[in-house]
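Given two chains presented individually in distinct reference frames, assemble the corresponding complex, making use of the accompanying hints.
Protein sequence lines, in the order shown, are assigned to chains A and B. Our numbering puts the first residue of the first sequence at 1, with every later residue one more than the last. Our numbering puts the first residue of the second sequence at 1, with every later residue one more than the last.
Since the hints were derived computationally from the structure, they do not count as laboratory data. Mixed in with the good hints there might be a few duds.
Here are some, though not all, of the chain B residues that point toward chain A, as calculated from beta-carbon distances under 8 Å [claimed, not checked]:
1. Q373
2. L414
3. N438
Listed below are the simulated DSS-like cross-link pairs for lysine-lysine, each with C-alpha atoms no more than 27 Å apart in a straight line [unchecked claim]:
4. A:K105 to B:K558
5. B:K610 to B:K560
6. B:K285 to A:K14
7. A:K41 to B:K520
8. B:K155 to B:K238
9. A:K31 to B:K428
10. B:K421 to A:K22
11. B:K31 to B:K118
12. A:K21 to A:K41
13. B:K210 to B:K155
14. B:K610 to B:K374
15. B:K421 to A:K21
16. B:K560 to A:K105
17. A:K14 to B:K556
18. A:K41 to B:K524
19. B:K560 to A:K14
20. B:K558 to A:K107
21. B:K421 to A:K127
22. B:K285 to B:K374
23. B:K558 to A:K80
24. A:K22 to B:K238
Beta carbons are placed, not taken as given, at the ideal position from N, Cα and C, and that holds for glycine.
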Amino acid sequence: MKKIDIAFIVDDDKIYVFGLKKLLTINNLCKNILVFENGEKALNYITPIILSSEQLPDIILLDLNMPVMDGWEFLDEFTKINPKINKKIEIYMVSSSINPADIEKAKQYEELTDYLIKPISIDELSKVFSATQDLQ
Amino acid sequence: MHKTFFDFAPDAVIVVEEGGTIVDASQRALKLFGYTKKELKGEFLETLMPDEYLQAHKKHRADFLREPKTREMGKGLDLVAKRRDGSTFYAEISLSPIEIDGKRIILASVRDVTETRKLYNQLKVSNEQFKGAFEYSAIGMALVSTEGNWLKVNKSVCNIVGYGEEELLRTTFQDITHPDDLNLDLEYLGEMLRGERETYQMEKRYFHKKGHIVWVLLSVSMAKDADGNPLHFVSQIKDVSERKEADKAIKESEQRWQFALEGAGEGVWDWDAKTNKVFFSRQWKSLLGYEDDEIGDSLEEWSKRVHPDDIEQCNADLGKHMRGETPIYLNEHRLLCKDGKYKWIMDRGKVIGRDDEGRPSRVIGTHSDITMQKLKEKELRQSVETISEQNARLMNFAHIVSHNLRSHTGNFQLLVDLLAKEDDEEEKNQMIVFLRENAQSLNETIKHLNDVVQIQINTSILREELSLKNYINKVTDVLRAELNKNNTIVHNNVAADVFVNYNPAYLESILLNFISNGMKYRHKERSAQIILDTKMVDNKLVLNIADNGIGINLEKYKGKLFGLYKTFHGNSDARGVGLFITKNQVEAMEGKIEVESEINVGTTFKILFK
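Excised from the complex, chain B in its bound form (with noise of 0.2 Å):
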């Protein structure tokens, strides 16, 4: 064994004449294919190929020859050699045709590359494949530069917003985008490029060539070059337009309702169990007085202007509902508003979401304002109440003209009987004169019943503005004369201020009564005083007429003091019609009379104004 210089090359060298067979071959070589120099020599070249290959090779070796050029290791043929053992591997071959003392002889350098074959294999399949992913990608992805050009677009980008590749290419991402976003896509890429961010995603609007947007999600990470040096970005880009749509459509079938409903004045309520948060619409801060801006997203807003003595059945009603037992939630509530009044608030709910243990996890409802209607409710049943009461004072009435026209005409007929039978002058005389009396007092009687008939039947009486201390002291000047004469003193301590709208012959028919009553029923031992004065009492007007007279027994005639025709004191002037008519007028007017008396001590009377 010695070495040739050869031995010193790095690659496998062999050296082969003219005719295919080989003379010489380096310590690699031999190495390489495991032969030894002295089997290897005088061997065809073909020895060291698989059999497939030494036809082709005859050919190739054949037409190098005639044409010998050198060929450089690169530009080699990738061929395959066969080893000693049958194994065999890629090898690239370089030929390089040299003359040694007039005789053509080619030396052959031979590279294993099986495993240099094998990377790029590997490279070219894998490269195969991500220009595949990249371009047959479902979702859009694009490389973009640091100035936002397009540099590389997929189909699925091209799709997205509807442009060709190559029109793509020649525009930059900010063309595409809709204004409103684009400053915050510039904020992040920005961010990036200062090295302050990785990545980034947003929802944003991309306009489609066609003009309408598309909504895409994107996400962008940066490749760098070895130093670090942003090289350009990678953008995913995921149409969501779909579910953007959806989105706004849900958005906008709850602002439907809720427009609707607020449309028809109720406020909208809508909780959030997850959070404990509750959306209170602006019709139902307005409701209640307050701007948008005013109340707050906790239960509380609800809760603490909720009238405590509503709260214990709302609350009952809640939970019937959230517990399934009644098909929706309903309760009549007193809610507390900004002016500091109360608001009477139909509330209508239902639970529209519950969690997988079936607790209630979203609850809307409405409210709106029943104020109105508690309050003709209200006027309803008091005007039930008092067309009751007219009624009954009505049936009353009827009895009592049965019963006082009855009782003339009884005496008529009675006094005409006797008259017919009497022999008597003196007696006849006597009848006569009953006979005029009785006449007179029938007159009087359907008098005072027609006055009462005018009370009962003005449903509308004209009222003015008047002022009660004025009108005390007018009345007080009709009486001047007789409270003089019966010793009596009136008290007009009613505010100058103090007017009431009402009718001004029932007032000053309702005043004469209760001041002529309280000289009337005078004490007989002292002077009579007569006080007037008023109060506000559950913001409404009271005058109070007090006496230091004889009283009245209301134990026993509390519920005839105000009855036609009765009469307590066996006075011979009473007639038992003031009170009663006073009664009406009042009762006429809205109001209502209340008495309070001790024996002796004196009476006070007490007009409640409307």
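So here's chain A without its partners, still in its complex pose (with noise of 0.2 Å):
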């Protein structure tokens, strides 16, 4: 099973990153890991390198609720950036929220391929990152 590259976690809770990477690396599903704390910082590291696909991530496990900038606020950003990536990068909206208010905002980007919800599975986990790794 090829390992996926590059995973970026958009999140400020230093918790529930620190939970997340140790599931990545003790299941072994991903090389390597970036995370950032907020939507601003992610955006700002991915527009320099816009063009190097192979620096880009395969997938981004973006959280709603973050200060400055916030998941949406990232999504609409990146929506404006997208044409210019040469990468097909797959975005899940990771959150606690189960209102279904932003369920189903979530349904309106293009850019997600799925929402879901906080605590995650390492089944799921697994699922998710496998579904990524066939689509390569």
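If you want it as structure tokens, here you go:
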């Protein structure tokens, strides 16, 4: 099984990030993990390397509620630069919110692959990563 | 033809001897009867009478001769005489027996009284007619002396006042006139006696014999003698009690409904199209704060007080009803009161009379004060809005609760799972540190949520009159050390006489939050200034809290500024709780928060007090 090369975790909850990294490592689902504590930081990383596909992530696990730039805002900005990106990036919204309004809103974004509710189990995580892998 | 002495007598004279034959006749007699002396001489006197009187007359003559005496003219018998041509005339005859040479003869003076008789008869008839008319007239008629004594009264007068004729003639009209009407009556009579007036007419009251009042229409004229001196008054008296009663009943019934309406707090108006005058009831005027004599009877008194924004609809509604398109006129409008304020009025009216061409001639209606209702309506609408807002907040809150509690429980689950599988001691310790942090954070979250719930469920919160200036000073003192450390100056420009009716803890918390926010989000390149002052906007107190800090991108964050757990600046100590709680507290005090901001210039929060 070929491992996912680069995964981004965009989340301000450091306990969740610690746990998620641990799970990904233990289960050997991913080679490189990059963590950003809000949308803006992730965007600032992506924008300069937009043309170098090999540095771009294969998958983004995006939190919804974050300071400075939340998940929605990140998606809005990402939508703008997406046409220039020559790589299929799977974006998963990962949130504790079970607010139907959020779930509904998520369906409006074509860039979103799915909406996952925290906490994510290891089975779910494996499924997500293998799905992404199969696409490549 | 020779003249005899009796030819000089004023009347026709006929000389008759004892046996009844005519011996002589004067020229007048001959002319009266149409005979020549020759023809008449030797004829019986009865020749000059119609046949039907013959027998009776022979007897009269016999009786007279048996006991002859002079009978004067005028007391004479009214007889009928016959001329030569057979025509007859009424004659008055006086007889004078005289003796000439021991021979008794009778001189009969004859006078034609046909014309007199005719006149007399006519007079008699007209007198009878007048008497009948006077006596039996349906209208009361009376002759009254200049002093007021009843001289002559007819049956109708007696019936109207309930007295017998005899009784009434013993009184004066003054005796039975209502005291309130007497003066005017006497005044008129005086004017007539002084020749200033020919007649007068008035409605007045008499006391009926039984004590009750009778209303009459009195018409008086005056009879004068040949020299123009007053003789007596001629009065015509018509009983109008029934009409008066009807008038009174109508008036009473109008008064009753007016009273009923006014009793119910409604002002009454009554518009007469013919005169274009409006009757405004006392209550109508007092509704607007006016005394009865402060408002006239023109339509303008109403129309000039209608709020300019309402008059158009008013006229439209009124027009619709007047044209018969609506069964009643109904409109809500504002009327300007004496004190310069407007009152909301429910105006209801109805056309109750139309002229021959169908145009309204009379419209009546009521005004009721619905200011309170309108106010309540507004309050109700506002409270529905508030409740909807609260509901939305609670929904939002429920999601926040679920989100925040879920993230913590999720973390617990994750850490515990990992901990079970972890062998590395160092990693294990790290996880335990995280577990402790997570527990602490959960605790804090629950505390925040509890604070918010407290504000939401507290419907009856203690309020006091609080000096805004004092409270700002108090909060500034609490923050003194921090403010100094952060190079922040608070300018309390609120006047000492500004008081707010507020919950003390909320006011403290709100001020603390804004002042510490101003300090926290200060601009690094300059010393922070926070200026607090108040002003009145639309009669409401507004507190401005202006800083010269880094500002907020309102275009981006306006919708989230007061949301729970929303942070914007990436400050590690920002919790996203303060503004949320502040907003809830202000709203719990029925106020509002507004915000203006410019990046790198500063932010002004405005607290609108109720």
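Hints, verified against the model:
A distance limit of 8 Å between C-beta atoms decides the matter here; for Q373 of chain B the minimum to chain A is near 38 Å, and the interface restraint is violated. Taken as an interface hint, L414 of chain B checks out: its beta carbon lies about 4 Å from the nearest beta carbon of chain A, inside 8 Å. Of the supplied interface hints, the one on N438 of chain B holds, with its beta-carbon coming within about 5 Å of a beta-carbon of chain A, less than 8 Å. Between the alpha carbons of K105 of chain A and K558 of chain B the distance comes to roughly 19 Å, so the proposed pair stays at or under 27 Å and holds.
Taken as a hint, the K610 of chain B and K560 of chain B pair is honoured in the structure, with Cα atoms around 24 Å apart against an allowance of 27 Å. Between the alpha carbons of K285 of chain B and K14 of chain A the distance comes to roughly 75 Å, so the proposed pair goes past 27 Å and is violated. Between K41 of chain A and K520 of chain B the CA atoms are separated by roughly 23 Å; this keeps the pair inside 27 Å, and the hint holds. A C-alpha spacing of about 12 Å is found between K155 of chain B and K238 of chain B, which places the hinted pair at or below 27 Å, so the restraint holds.
A threshold of 27 Å between alpha carbons decides the hint, and for K31 of chain A with K428 of chain B the separation of about 23 Å falls inside it, so the pair holds. With a C-alpha separation of about 11 Å, the suggested pairing of K421 of chain B with K22 of chain A holds against the 27 Å cut-off. For the hint linking K31 of chain B to K118 of chain B, the alpha-carbon distance of about 22 Å falls within 27 Å, and the restraint holds. Only pairs whose Cα atoms come within 27 Å are accepted, and K21 of chain A paired with K41 of chain A is accepted, the gap being roughly 18 Å.
Only pairs whose Cα atoms come within 27 Å are accepted, and K210 of chain B paired with K155 of chain B is accepted, the gap being roughly 17 Å. About 19 Å separates the Cα atoms of K610 of chain B and K374 of chain B, which keeps this hinted pair within 27 Å; it holds. The hinted pair formed by K421 of chain B and K21 of chain A meets the criterion: a straight-line CA distance of about 14 Å does not exceed 27 Å. Annotation: proposed proximity of K560 of chain B to K105 of chain A holds, straight-line Cα distance about 17 Å (limit 27 Å).
A C-alpha spacing of about 26 Å is found between K14 of chain A and K556 of chain B, which places the hinted pair at or below 27 Å, so the restraint holds. As the CA atoms of K41 of chain A and K524 of chain B are separated by approximately 22 Å, the hinted pair is consistent with the 27 Å bound. About 23 Å separates the Cα atoms of K560 of chain B and K14 of chain A, which keeps this hinted pair within 27 Å; it holds. Using a Cα cut-off of 27 Å, the hinted pair K558 of chain B and K107 of chain A holds, with the two alpha carbons roughly 24 Å apart.
For the suggested pair K421 of chain B and K127 of chain A, the alpha carbons sit about 21 Å apart, so the restraint of at most 27 Å is met. Taken as a hint, the K285 of chain B and K374 of chain B pair is honoured in the structure, with Cα atoms around 21 Å apart against an allowance of 27 Å. For the suggested pair K558 of chain B and K80 of chain A, the alpha carbons sit about 22 Å apart, so the restraint of at most 27 Å is met. Simply put, K22 of chain A and K238 of chain B have alpha-carbon atoms about 121 Å apart, too far for the 27 Å limit, and the pair is violated.
Hints 1, 6, 24, counting from the list given before, are not met by this structure.
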